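All chains should be built: construct the whole structure from the sequences, respecting the hints.
Those protein sequence lines, which keep their order, are chains A and B.
1 is the number of the first residue of the first sequence in the numbering used here; add one for each residue after it.
1001 is the number of the first residue of the second sequence in the numbering used here; add one for each residue after it.
Hints should not be assumed to be uniformly reliable.
[Stated by the list, open to error] Taking lysine to any residue and the SDA-like style, the derived pairs with C-alpha atoms no more than 20 angstroms apart in a straight line are: (1) LYS1142/B x GLY83/A; (2) LYS1142/B x THR85/A; (3) LYS198/A x LEU263/A; (4) LYS198/A x PRO286/A; (5) LYS198/A x ALA279/A; (6) LYS198/A x ASN187/A; (7) LYS256/A x VAL277/A; (8) LYS1142/B x ARG289/A; (9) LYS198/A x ILE243/A.
Quick caveat, the hints were computed from the structure, so don't treat them as lab data.
Predicted model only: the values in this text are computed from it and were never measured.
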Amino acid sequence: MIPRILAIALLAIRAAVRSRVVLALGALLLLTLLGLPGWVRGDGTPRGAFVLLVGHTLAACFLLLAATTLWAGCAAMAAERAGGTAVLTAVKPVRPIELWVGKWLGIVVLAALLLAAAAAGLWLQIRVRADELPADWRRCHRVVACQRPEPAAEAERLLRRLRDEGRMPTDATEAELRAGLIREIRNRYELIHPGESKTWRFRIPGGVAAAGQGRGTAVVLRAVFETQFALRQEAALSVRAEIAGTGTEAFAADAKAMAGEPLALALPATLAVPGSVVAVTFRLDPSARAPLLLHPGRNLALLFPGIGFTANLARAALALLAVLAAFAACGLALGCCFSFPVASFAAAAVVLLSLIGACTGSGEASGGGEPPAERVGRRVIAAGTALARPFLDAAPVGRLARSEEIPARGLLPPLAAGGVAAPVALALLSAFVLRRRENGA
Amino acid sequence: MTPAIETTGLRKVFRDFWRRPTVCAVDSLHLAVRTGEVFGLLGPNGSGKSTTIKMLLGLLRPTAGSISVLGRPAADIRAKARIGYLPENTHLHRFLTPRETLLYYGSLFGLDRRTRRARTDELLEMVDLAGDAERPIGGFSKGMARRVGIAQALVNAPDLLILDEPTSGLDPVACREVKDLIRALAAGGVTVLMTSHLLADVEHVCDRIAIMHRGMVQAEGAVGDLLLRSDTIRFLVTGLSDAEAAPLRDELAARLGRKVVTDHPAVPLEAFFLDVLARAAGKPTVLTHFQPAPFLVRAAHRPSAGASSVNPGSAA
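Below, the structure is given as structure tokens:
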């Protein structure tokens, strides 16, 4: 079984290499790596240059690879069937699943090689342009977000309260209300009025604290405040941090925060006690003209020293490879079911739906009285979102560009989904289709 | 002995997208191909030959009936491991060289590396492509690609060889070689099932044939039995002139009281072509080995067209 799979994989690689697909793709990747950073203008800051170089370039390379992988998956099965070469394979003692796995493996190996080449090219670019980049680009930081109530549980609590108080709206179903509340909780901004204090808590994971202290680097508190109507406003804040429950203040400082710009405060490493909960309190100066807005999920975090950029780049590449593996599986399955043009069209539709779902982040009920067509569209987008979620939650490109460590545990969902679950499910489906399909060519 | 191929009541109805029957390609086909024989499946276009072969190979599912190939169901992996197949149109991977093609198909049969390489070298030599073994097949002529196709059908040293139009696209020399190869394989115990539009090829090579029309077998049997005219006797006499033959013919007609036909036998074009090539290459003529008779006398009920004949009693 294994030699047959390897032979088929090798054939898939040879087909791509000798049809000049790889050559053309390599040229496009090179053009992207060299041309894009020079063509797109950054914001003039070293951080902006880094985001552009890392984020945009890697995203563009990935887009190219994703499109090609999907297309290659469709072609590997459908075009071979149309060309008649599938007949000679079908009469050999090869099981449909072996054929599928061999093709998938070949495409994934090729994608991995090209992705590695793109990552290596990016790494070289960064080395060459190190002078233009921020001083700390070599080290990523690990992000610890603040503790927040679970949106579903919080929504349930609010619903219960509404029910108890007899204030349940009558123009929407309970499910629609719950979905709306969850959406609202996820996107909810916290308001700090002048003279008001607000506290958020952070649970310090063991590995993070030890690594941070080991490297002798302070913990950084990062917050990005906003204002209503996006006014450019500077506000005076007092910040306090302590290990919750001890009552001993470990850090206190006054700071000035410019709305829309990150506020970074170095906290003492003594706060990073594994397993402890750190409470951070912001108090807005009573003289402030307007309240400050803070999205705790997105804009408030403790930053610990993390792994190096190269290791983080490798993790990002691994997460992206998981997506490419899923794309290859998707293309192959479509190629098994349909002719090449239909499979390519369907593949494009799958990608678009996933992207729309991921970009809009919707798929949740907008309220009562929804027309049927809208409901169908919403469900399709919801399916796309659900499909894309395991891969996009790792957000490898964004994290890499923001110098945030991609947690090793965070790689598991995309790897499990793209490297195992999706290929296994699609391989079984494809094997069933291939077994049922008559090959009369 | 178990037949290499056995079909019982085989039927194939093709259906359209809405599952409505469109054409019955094969109907009530009972076929038994004995182990070690060369069996020819003949018929005009659309008679169901290729559909039958595809069902035997598991590429198409029968609508009704049963198939046994080498004692197993048609799509069985273990049966496929012992079958070699040459399709009517040789669709090979154009980016591969003949050597890579044979190595690839060898690995699909699970041959170990050493066997695969040895078998590849042997087959490339056999189909006369050793000199072009490293060129991509995409640049090959139809005949050369056909040779690679034949080689890939033999890569697993099959027990059953299924050949769909094996000589299609080949020049007469290669045709002759393929026919010799088929006979040699059959002599070595390989069962061969072949189809061909070139009836002369089938006649030379096959032990038994079945003629299909509209999906059904219209005639089946040993080639010799089917073609034999047991009510007709033919004398072959060498070195006889027309002048010498005429009185003999007349006397024979008078004595038998039947029509007697005499004519000069024609050399088959294939034999003549091969002889021309052999002589051009400075080799001894091949015609004399198998075509010694320049004059032929046939006693029959009816004269054949173009031959001189006399009726009983009309001889001078």
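Outcome of the hint check:
Distance check on the hinted pair: LYS1142/B and GLY83/A sit about 16 angstroms apart at the alpha-carbon level, within 20 angstroms; holds. Note on LYS1142/B and THR85/A: the hinted pairing holds, with a Cα-Cα distance of about 15 angstroms set against a maximum of 20 angstroms. The suggested pairing of LYS198/A with LEU263/A holds, with an alpha-carbon distance near 16 angstroms, which does not exceed 20 angstroms. Of the supplied pair hints, the one linking LYS198/A and PRO286/A holds, its CA atoms being roughly 14 angstroms apart against a limit of 20 angstroms.
Taking the CA atoms of LYS198/A and ALA279/A, the gap is near 10 angstroms; set against the 20 angstroms cutoff, the hint holds. About 18 angstroms separates the Cα atoms of LYS198/A and ASN187/A, which keeps this hinted pair within 20 angstroms; it holds. As the CA atoms of LYS256/A and VAL277/A are separated by approximately 25 angstroms, the hinted pair breaks the 20 angstroms bound. For the proposed pair LYS1142/B and ARG289/A, the alpha carbon gap of about 86 angstroms is over 20 angstroms, so the pair is violated.
Proximity of LYS198/A to ILE243/A is assessed by CA-CA distance (about 16 angstroms); at most 20 angstroms being required, the pair is judged to hold.
The structure shown violates the earlier hints numbered 7, 8.
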